[in-house]
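Sequence lines, in order, name chains A and B.
All letters in the first sequence, in the order written, are residues 1 to 114 by the numbering used here.
All letters in the second sequence, in the order written, are residues 115 to 225 by the numbering used here.
Derived by calculation from the structure, the hints in this document are not laboratory data.
No experiment lies behind these values; they were computed from the predicted model shown.
Rough simulated footprint, nothing fancy, chain B against chain A, three-plus residues with beta-carbon under 8 Å:
id: 1; region: 37-49
id: 2; region: 102-111
Cβ-to-Cβ under 10 Å is the rule here; a few derived chain B residues that face chain A:
id: 3; residue: Y146
id: 4; residue: K156
id: 5; residue: M162
id: 6; residue: Y163
id: 7; residue: L202
id: 8; residue: C203
id: 9; residue: K212
When the alpha-carbon atoms are kept at most 30 Å apart in a straight line, the in silico DSBU-like pairs for lysine-lysine are as follows:
id: 10; chain 1: A; residue 1: K11; chain 2: B; residue 2: K156
id: 11; chain 1: B; residue 1: K156; chain 2: B; residue 2: K170
id: 12; chain 1: A; residue 1: K62; chain 2: B; residue 2: K116
id: 13; chain 1: B; residue 1: K156; chain 2: A; residue 2: K16
The beta-carbon is built from N, C-alpha and C at its ideal position, and this holds for glycine as well.
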Amino acid sequence: EAGVVQSPRYKIIEKKQPVAFWCNPISGHNTLYWYRQNLGQGPELLIRYENEEAVDDSQLPKDRFSAERLKGVDSTLKIQPAELGDSAVYLCASSLDADSGGYTFGSGTRLTVV
Amino acid sequence: QKEVEQDPGPLSVPEGAIVSLNCTYSNSAFQYFMWYRQYSRKGPELLMYTYSSGNKEDGRFTAQVDKSSKYISLFIRDSQPSDSATYLCAMTNTNAGKSTFGDGTTLTVKP
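With these hints in hand, go ahead and build the complete structure from the sequences.
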């Protein structure tokens, strides 16, 4: 069984440019999460989806970040425009449901904004 | 103050040593307690999770939860160089539907 697949693995962009990250969760996992991990810190939740519905986006900076999960499967996270402080690893995770005891994470997208 | 505080490390031990990794938390609503292992440039990998106070063992790993003290630990016996990684504790509030992570402890096991 394939795990959570993310692409690209690495991205370097200039500030003010747009960027998008893609995630394909484990088949059958209804809950999908986007986390951001800064260097030396634990992951912090950006948004949680139950199927195609965003049920918790309270930590998503909505002025520049957007996300979608079409048909309740793949998801895309977008930043426009990117700022220097957005440099981080963006992790996608999935689980069968939000009550599960743990998530399966992808390898992440390492974003560098210069 | 963060909801989850993790001993920062880094931690360096000789091969074969017993390792103790620890976290404290402040939110009584946390119901699941997890430990993840994260290798460099990889995503976190779930090692163990527990729902209640007490001990849970899986091979060389033992997870311990003390809800009365709001304290969790992960013990690694007979540590191996392949255990060298960053270990993240995490706790889930199912009412909120999300996990909160500690900042991780980086462990190096020297041959």
